[in-house]
Amino acid sequence: MLTQILTFLIFFAVVGCILYGRRLIRREKVDAVFGNPERALGGAHWVIVGSSFLLLIWLYYSWDIAKGFYPKSANELCQVAKVNDSLLGLKYQFPIEEREFKSTSQIKRENKNLKLIQSEIQNSEELKGEQKTILISYIRKTNQLIPLLTNEDLLENETKQKIDDITGKINLLTENFKKPDYPFETEQELNKRLKDVNEEGGWGITKVDAGSGSIKNTLEVPLVPATYRGLKFHSAAQELNLISDEFFKLRNHNPRFKSKIKELKDEIKSYRKDLNDNEEVASTYAKNIVKIARRIEFASIYPPNALDKMQEAIVKFESAQKDVQGGLRLVDIFLFPAGTIVASGPSCSEQGSGRWLPKPSDTFNKFILMSKPSVGYKDIPLLWIQMVDVSKMIGFILPDWIADILPGEYPVHTKDGVVKQNFKGGVLKIVTGDFNLFKVPVPYGHIWDSFLRVFLGLVFGILIGVPLGLFMGLNRFAKGFFDPLIELYRPVPPLAWAPLIISVLGIDNTGKVFLLFMVSLSIMIISARAGASGTQLSKIHAAHSLGASKKQILRHVIFPNSLPEILTGIRVAVGMCWGTLVAAEFLAGTTGIGFVENVAKKYFQYEVIWITIFIMGLLGLLFDITLRKIIDKTIPWRGKG
Amino acid sequence: MSDLVSENLNMIFKTPKGETVHALKDLNFTLKKGELLTVLGPSGCGKTTLLNITAGFIRPTSGVITLNNKEINGPGVERGMVFQQGALFEWLTVAENVNFGLRMKNEDPVKTQKKVDEWLEIVGLKGFGNTPTYQLSGGMQQRVALARCLINDPDLILMDEPLGALDALTREKMQSLVLKIWKETGKTIILITHSVEEALLLGERLYVMAPRPGRIHKEYKLPFASMGLKEDLREIKKNKEFSEKREEILEMIWNMEEEIMGKDN
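Protein chains in written order, with the numbering used here: chain A, 103 to 743; chain B, 10 to 274.
Only chain B is shown next, with the shape it has when bound in the complex (with noise of 0.2 Å):
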């Protein structure tokens, strides 16, 4: 069983000025291999924390995390991040930034070429491998981090807010990308994001977390990423169903975030 388990996850912050935070309470959920998870919810709800701890970068306080039915304690190759933005690096070629991971292993240089190309190929960037990093608009220097992450070939894939900086148009063709190689692959991902209609349109399930303490508030699981393979975007945010969800989870978020700030004053 591939499966990511988290068991009674808790994580809590010290602020510099001495305060706890409880950025997670108690987190319990299974995520079986090749579901595509979008996480959503107002800002300090804990979704980046959970990301992070699941990528390894931090160890939860108490709890544990599996995947594999191995603990998770440090970063490793078989859980691949995407970040907001880009976090490529600039002094390389798209070519060198995506058999990175390859690089760091010794790989034979050849057979990497190839990979590369392949992968380049799938998001959209063949030719471009001897461009510069820097000389890339934000899209592109998304796909390149997508083909990074992927031609490592990990069982799990964390996107944290892949496409929050990129343009209307360009963030329509990214989630169809996404969804491609989501099918392709069938690997397991979890999406963070901050826009509900990507989170639906995305996620098979969806996560609607609460701040204060960070908790899954509440759970959906979805048919429009399947339906999303199949149809035109578009076609599905006209869905009467969609409209209504999209809705629901809006006014969910709503109140969450006035309750925070009823809290505040």
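Okay, chain A solo, but in the shape it has when bound (with noise of 0.2 Å):
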């Protein structure tokens, strides 16, 4: 329903947009020359449309078009395509699809692959030329095998007969099917299936698992035929498995054949076994003849004219498949752009860009599931809030020696097996966090844990690299001193750091945050050091004859005038804390969005990647756009002074 709207949304304000455009462009006089950057301000419209255009482009590739005006399109196609997989066998032994019949290809291989053999015998140095002679006779009595199984005069009765039958049954499959009410399902059969269907749910759909309450995969398309034509094929895909399985079975062995290649393979038999353990070669060659016999054996090799009213009959089944397939077809060939659905074996499939690119309908509808906060990934929600104790934060921030360098000792336990508070008891109780006050509301969740690595790792660079990045610009010790341990480990990627730091501190917060924490202060030291170091000589030395001290000219000249510099280097820093952090949580961890998007990819969930790549956008946007606010606000003389 959704989709609908909106491909017809859409469709609309692309139309519209185009036209304003064209009326904006024939009334508006253009003063700008090309060239002019004026000449790209505004044009709204244009947006609208280049956004509508991707998404547009989104909702076909995504098969979401089609999923929104024909919902059980996928379903029927399954049925369809269960047939052609079914029929797929018999097709490949005509030239319906292929050059040439199988039996054809299949002589033609195994006469190359013997005249293959024959020369490798001729030139070989290690085979005495009696057994060159001997295995020259096994090809060439392999080779007259084919004819026995070609020629139309041997061919038995018995096995014409069954040829008939197939094809008779083919025939009679293409007249019932043809018919309205083909399958010709009972009430209760009616019944059982829509009951199925009910069950099975509809494409694309996502259930939550009732015990564990996680989400399940993606029901990709619905097996069971919910619609009657839908039936049609899938039954008729059961009876081509049963007809084929029976051509599989036959065989076209007549009495001449079944000799002559009993007596190949016994010859062969007891020569292999009277050769010595050092005529090896000998062997395998005589091995390999065998091989090619038996696949001659096995192979459906029928003379040539033999199968003709069968490949009649399987023609006419598919032209008559394919009417039945009515407006499907179309359906398929338009809404299903670059792949359609699949069968193999009992199961059907999305293959092509329906498969990887998920549908906005099912992508949203997901995100939704996953924001409840009840399903959330893997046991954790997205983003929600818990009710934590005071105490518990007291107990975090308060060091445990508080209570250890107090005088006296700790209470011990009395011969009765009571222990008895103590002062020192009491202030332990406290620093650890072990007692009761109000509780207060902290968000969590994989969005705020991915938030909170960031901005810690963010903050610390931040507290350590500004004062060391100003000290750097203003002191010859100070600058000689850090910047070999910087420009030593600044130039080697976050990443490389990650596995080394991740092993070191361990996979929790205390390793990520460690991990941006490196890569924000050597971009804050960098920035805060161009900035001191980038401050006017006039600046300071007209601060110098106003009076400022040394602290006051640090603190109102160079910091300030750093602030750009500063600022501008926190937004790089985001940007590279941010991207190291969902690499960093794909390597190692059990909370965060680059962890979602992880275990969503062993379990080929596409639209849960979707999900996190839309997430870690947002949010990369967010940051991004409150760091220019923040510099707006702060710096508004940048580039001005």
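Simulated from the structure, these hints should not be mistaken for laboratory data. No false leads were slipped in.
Estimated spans, in silico, between C-beta atoms of each pair: (1) B:S146 x A:I499: 51 to 59 Å; (2) B:H203 x A:A685: 56 to 64 Å; (3) A:M489 x B:G136: 49 to 57 Å.
Where is the CB? At the ideal position from N, CA and C, for every residue including glycine.
Can you join these two chains into the complex? Each is in its own frame, and there are hints to help.
Okay, structure coming up:
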């Protein structure tokens, strides 16, 4: 429903905006010559066209338009695919979609193989002349087997009868298939089928596991035929499976062929038995010749015209099948671009762009589902709040050694087995957070965890990097002392540090925050340093002659003067940290957006992957917009000084 | 005696190439309280070096410079400085720039505010207190720089080509302002300039300096500054004596420049 409305909306938006744009061009007086950047100003209507176009491509190539307008089409195409899958074996025997009969190509191939072995034997230096003669006689005999199969006169009546039977079955199926009430479904069968359809759910539906409460994989294409047309194909496919099984059980073995091949096999067997251990080469050649003979035995090789009627029947069925598909064929061609629904064995799947490009509607639904705190992903919500007692925070902030340095001893249990609390023990309870106060809501979840890691890494980087950078910009000792350290670790890609830091500091927050701290530290140092050393000398001179002390100059002149550089540095650092974090969460961890994506990848949950991509993009954008706002607010003089 | 006295001032720089440059050689002069000295000379004659030494930003190689009998060996509040480009703190408003020196001394903000308003009125920026400095024009920025320097009540004001970057009209107005402030406050002022007219107009005394080594080439005592306090500056420029002096000094500087060129070739 949503998709349908959206599709129309996009269509009207695109047409409307193009018309508006054209009218604007006609009405507007163009004052600016070509090359004047003013010509690129404005144009919100083109923004609408651009984004609509993107959305339309997404809707179309993810087959969401097909889903929106023909929600049953995938299920029907699945049934059609089942028919194609069942028919495939039979069809390949004939030049319907191939260039030649399967028999022809098999004969060609085995002749080639025989020739190859023959030339190898003739050129072999390890074989004696006598052996060569024997082996080549085997090759000749194998070759002579083929005409025994392709000779029409030798074809047995029984086999002929069976071929006619199969052909008759196909023709009967074609006749029945054309009838409007073909599978002759009873009321009872219909009810059962509809119940199954209901249970299975629709195309692209995601269910929540009742036990664990987490999302299950998306149902790609429902298997049970939901429509009457689908049912026809489903039943035909089942019948075709039986027919095809019957055909492949059939062997064109007349008595002469049977005796000849038995003779050949026995001869080679006894020859190989008589060979010595050191005549392995001859033995291997003999074995290979038997293999070819076996292949000829089990290939469905028939006389040239023996299967003509069957071919005709299959072609007829094909055309009948296509007729019954009717409008579905058009839907398949136009609304399933870059692929279609295919069946292999008992299951159907999307093959092509629809598979890895999730439908906007599915993605949206899944996102709504995952946003529910009770569902989330891997038992953790994306973003939610939990009530945490303030005492836990106090315990986290206050170091435990406060209690240790107090005079006195911790309480010891008495002989009655009672522990009497004393002052020192009481303080220990407070500093470890072992008491109850009131509870406050604290956010948690995958998004919050990722955000917090970036935030903490960044804050630590700024707190240490900015003073150090300013110091390095002003002091020869600091510059010389810290420069080698920073210049050595900075050029290393942050991810190269990740395995080391994660294995030292653990896969939890500590390791990641430290990694991000390293990333932001070098950026902050470099930008603060550039800011400090870029201060105009005249400003410093002015401050000096206005009576400012060294500290005051640092605080009131050099620091504000470096602010543009520092804030730009923060903006760069945020981008770097964000990129590094997601990759670090990919490597190891149990929460975070990168972790979600990594798990989704393992389960082929393409929608979840796209959701995480969107979340990351949005969060990155949010960071950047916030920083841009801060920059505009705090350093309005930038570029105007 | 609050005089500025320079005794055998020498300044020798070493360039990165290892050459020595004699920026100032045996500079001797005395500036009495309340005098306005303009310094003129071709580029490279050591004008700015002299000013930087006086301000205390650099130390002379040899010689002593004293203000009020105290040796100058570092920057100080008693010597205010006005730079060519204003050197304002663009992250502060006009008022914050003006009271910067007082804030650094932790003076009472209420008293400071009164002083700031007074000075803004004197330099003609009344009502601009809350304007960010980056929104000001060049002339207004120099007015702020003047006020910022004067609010500290320095004994000596050093001006390093303060009007060099201004357009002709603004420049004339600012010249009057400098004269007005000189008269009203009675401060000692050293003003460095490239413009001969400006040097003649503003200078009670005028030093023409010569390069290589930097030294005082000629000294003038001029009446135009005191005339300028009463008369319109443009009228003074029409004065015959003024034109003669101007031609004389221009020729002097031309000859010096040519001499340098000759040396280079």
